[in-house]
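Once you've looked at the hints, dock chain B against the given chain A.
If you read the sequences in order, they're chains A and B. Letter by letter, the first sequence follows residues 1 to 104 of our numbering. Letter by letter, the second sequence follows residues 1 to 163 of our numbering.
Since the hints were made in silico from the structure, they are not lab data. Yeah, the Cβ is synthetic: ideal placement off N, Cα and C, and Gly gets one too. There may be inaccurate statements among the hints.
What the hints assert, rightly or not - Just some of the chain B residues that point at chain A, by a computed CB distance under 10 Å:
# : residue
1 : G61
2 : A101
3 : L131
To be verified - No farther apart than 25 Å at their CA atoms in a straight line, the calculated lysine to any residue pairs in the SDA-like style are these:
#  : chain 1 : residue 1 : chain 2 : residue 2
4  : B       : K93       : A       : T50
5  : B       : K146      : A       : Q30
6  : A       : K15       : B       : A49
7  : B       : K93       : A       : S76
8  : A       : K10       : B       : K69
9  : B       : K51       : A       : Q30
10 : A       : K83       : B       : D122
11 : B       : K58       : B       : I79
12 : A       : K95       : B       : D54
13 : B       : K96       : A       : T48
14 : B       : K69       : A       : G29
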Amino acid sequence: MADPMKIRAKMEGDKTVVRVLMSHEMETGQRKDSAGKIIPAHFITEVTATCNGKTVLSAQWGTSISKNPYLQFQFSGAKAGDKISINWVDNGGDKRSDEATIAA
Amino acid sequence: MTQVINQDRRQALKAGSATAIFGMFVAAGLVKPSAALAQAAGWNQAAFAAKGVDVTVKALGGASPAQTKDMSWGSTPEIAENGAVVPVTVVSKLPKTESIALLVEKNPNTLSAVFTLPAGTDPNIATRLKLAETSNVYALIKADGKYYVAQREIKVTLGGCGG
Numbered sequence: 001m002a003d004p005m006k007i008r009a010k011m012e013g014d015k016t017v018v019r020v021l022m023s024h025e026m027e028t029g030q031r032k033d034s035a036g037k038i039i040p041a042h043f044i045t046e047v048t049a050t051c052n053g054k055t056v057l058s059a060q061w062g063t064s065i066s067k068n069p070y071l072q073f074q075f076s077g078a079k080a081g082d083k084i085s086i087n088w089v090d091n092g093g094d095k096r097s098d099e100a101t102i103a104a
Numbered sequence: 001m002t003q004v005i006n007q008d009r010r011q012a013l014k015a016g017s018a019t020a021i022f023g024m025f026v027a028a029g030l031v032k033p034s035a036a037l038a039q040a041a042g043w044n045q046a047a048f049a050a051k052g053v054d055v056t057v058k059a060l061g062g063a064s065p066a067q068t069k070d071m072s073w074g075s076t077p078e079i080a081e082n083g084a085v086v087p088v089t090v091v092s093k094l095p096k097t098e099s100i101a102l103l104v105e106k107n108p109n110t111l112s113a114v115f116t117l118p119a120g121t122d123p124n125i126a127t128r129l130k131l132a133e134t135s136n137v138y139a140l141i142k143a144d145g146k147y148y149v150a151q152r153e154i155k156v157t158l159g160g161c162g163g
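For reference, chain A alone in the conformation it holds in the complex:
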């Protein structure tokens, strides 16, 4: 299991702004180690954000997202105190799910 995500969700007017910092190597499969062997690709492929049982964002990622990926998005229809949950799955089948409360 990977390290937890840092999730900040905050109301700005009637919109909820969500900032997520994930902890992941995001190995491209292009790099070589000191012995000249290619380091196999290891990266997050799918990210889903849900709030009040509704999907508010889904994303498919490739290898060219930076290491320890950062994601920011905003949506309407939620209020302070609601929970937002972020899930990701990587190409190795590893997954992580974290939850945060939307701040006022």
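Below, chain B alone, put in the same frame as chain A:
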């Protein structure tokens, strides 16, 4: 003897079913290319493996997208010092934006990300990309069933894919 025969039969069956499944994928891709992007479930392997902007756009189902200026790059820099961490923001002003894809022309694999935006979510996405070198970055925006594209050159002083 029976052992040998069984083995052959098994291999033949395996080979047959693999071909059939592959065929189904191809057929699905040919008949409804746009469905691939709409389906949030399932990673779009073909699109992510594609090389070159045109091929990737096609793999995402958007043949010959129209150029658009109804979007902004937010705080995306024009010159990035470190290609491993390039902050990219895309804000679409097109009504009914359904998805935003980010493509980097000179990366080994062109497609970086596809964001699917359900109703209620603003077409305003920020993330960080790796750029192998100075390159055009494209935002492929799907709005109201149509595809639009916008581009910006981001100069990189230090590559993001070096060892």
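Honestly, which of those hints from before does the structure not fit? Hints 1, 5, 6, 8, 11, 12 and 14 are the ones this structure does not satisfy, whereas the remaining hints hold.
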